[in-house]
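Please work from the sequences and hints to get the whole structure.
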Amino acid sequence: MNPLRGAWHRTEAVAAQAVVSLAASAPLGAVLGVARLAALVAYLVWWRRRRIAAENIRLAGVRVNKAQARALARASFTAFATMVAESIVAEAEALLRRPGQGLIVASAHLGNWEVAARAISMIKPLLVAYRPFNNPHLNEVARDARQGEHLRFVSRLEAHPMVFMRALADGAIVALMIDQHATRGRIAIQFFDRPAWATKSVAMLSLTTRMPLLVAFAVRTGRMHYEIHASGPIAYARTGDREKDAAAITQAITAEVEKAVRRHPEQYLWGHRRWRR
Amino acid sequence: MTNHDTLDILKGLLGRPQPGVKPKIDVAAVTGATRIDEIGLDSLAVMDFVYDVEDRFQIQIEIMDLVALDRVSDLVAYVDAKRAV
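Residue numbers (this note's numbering), protein chains in the order written: chain A, 1 to 277; chain B, 278 to 362.
Watch out, some of these pointers could steer you wrong.
To be verified - One side only, chain A facing chain B, incomplete, derived with CB under 7 angstroms:
#, residue
1, S21
2, L22
3, P161
4, M165
5, R166
6, A169
7, F191
8, M204
Unchecked claim - Below are the BS3-like pairs computed for lysine-lysine, each with C-alpha atoms no more than 30 angstroms apart in a straight line:
#, chain 1, residue 1, chain 2, residue 2
9, A, K66, B, K359
10, B, K301, B, K288
11, B, K301, A, K244
12, B, K288, A, K244
For the record, the hints were derived by calculation from the structure and aren't laboratory data.
Just so it is clear, the structure is predicted and the values come from calculations on it, not from any experiment.
Glycine included, each C-beta is placed from N, C-alpha and C at the ideal position.
If you want it as structure tokens, here you go:
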């Protein structure tokens, strides 16, 4: 390959990686705004593609008038840039769909978490850690009713010590609720600026397996209609202080939960005594 | 460092008190032949232990390797092999 061309290809790759990294950490609105601006610049500067697009539109007979064809070509540039931006931002969804990729999902009692579990288990096997009821018979009934073909519920108290790690190694999703008061294996966090206790299991699973950690909810948008919102993966570099690391990750997840609850407060299970000491 | 040293360090990590958790493990009874599943760790204690082992030996335990380890002696050999790299 021509050395100049090779250097250009490497520069393009570095620039693309930089854009992906920036977009992955920026708010969706900002990323889409930049995409629209980039589309406009590309439309104005990239005259050859602009001309091809307008000609193709006229050849297809979708628009006959030149000005209308140019307007549609410009809209097409914007749609393409938006598609690229959405693809970058939707890293969480990409992880969800990557075959063999284990994934940790932290969730909360917001919207319909049962529907979320069922929907996600259609994409890849899902193991849900749950806290059992005090009544073992009720527990059995509830567990059987909730399980599905690729959806398994495992009691946190009865789980085999390696069950979650093995599921992740097998490329499954392990989902855990993060928003209930924890009495053991817990970490102190702030939830709505008030001190609370949360399980540190999610953070420790992330720290030890290094699997991507997402925060996800199914928010109700209408009767039997939901939107699944996922954010992450949450990135964190270990410091060597286990409890400090677990606290930092748990707080980051809790902050995501709090943001979601603030957006949909009517869909949150407020009946839980979250701020017990 | 010998296999015995590694085993002793691992046992020391197993016996390390965990915040808010009552110790349930008889560390003295743990030998190379003990199955990892039967040490008496719950799922969270396993994760704490893995973190501590990685930190103490400055190694990274791959999850695929971890789930394949059966006995404590396998973990000792794994740690020593990782440290030798």
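Evaluated hints:
With a cut of 7 angstroms, the hint placing S21 (chain A) at the interface with chain B is violated, because the nearest CB-to-CB distance is about 23 angstroms. Against a cut-off of 7 angstroms between C-beta atoms, the interface hint on L22 (chain A) is violated, since the closest Cβ of chain B lies about 28 angstroms away. Proximity of P161 (chain A) to chain B holds as hinted, the smallest CB-CB distance being about 5 angstroms (cut-off 7 angstroms). Because the smallest distance between the Cβ of M165 (chain A) and any Cβ of chain B comes to about 6 angstroms, under 7 angstroms, the interface hint for this residue holds.
At its closest, the beta carbon of R166 (chain A) sits 5 angstroms from a beta carbon of chain B; the interface hint therefore holds under the 7 angstroms criterion. Using the Cβ-Cβ criterion of 7 angstroms, the hint placing A169 (chain A) at the interface with chain B is satisfied: the shortest such distance is roughly 5 angstroms. At its closest, the beta carbon of F191 (chain A) sits 19 angstroms from a beta carbon of chain B; the interface hint therefore is violated under the 7 angstroms criterion. With 7 angstroms as the threshold, the beta carbon of M204 (chain A) comes within range of chain B, its nearest partner Cβ sitting at about 4 angstroms, so the hint holds.
For the suggested pair K66 (chain A) and K359 (chain B), the alpha carbons sit about 67 angstroms apart, so the restraint of at most 30 angstroms is broken. Distance restraint check for K301 (chain B) and K288 (chain B): the Cα-Cα separation of roughly 13 angstroms lies within the 30 angstroms cut-off, and the hinted pair is therefore satisfied. A threshold of 30 angstroms between alpha carbons decides the hint, and for K301 (chain B) with K244 (chain A) the separation of about 24 angstroms falls inside it, so the pair holds. Annotation: proposed proximity of K288 (chain B) to K244 (chain A) holds, straight-line Cα distance about 23 angstroms (limit 30 angstroms).
In the structure shown, a violation is registered for the earlier hints numbered 1, 2, 7, 9, in ascending order.
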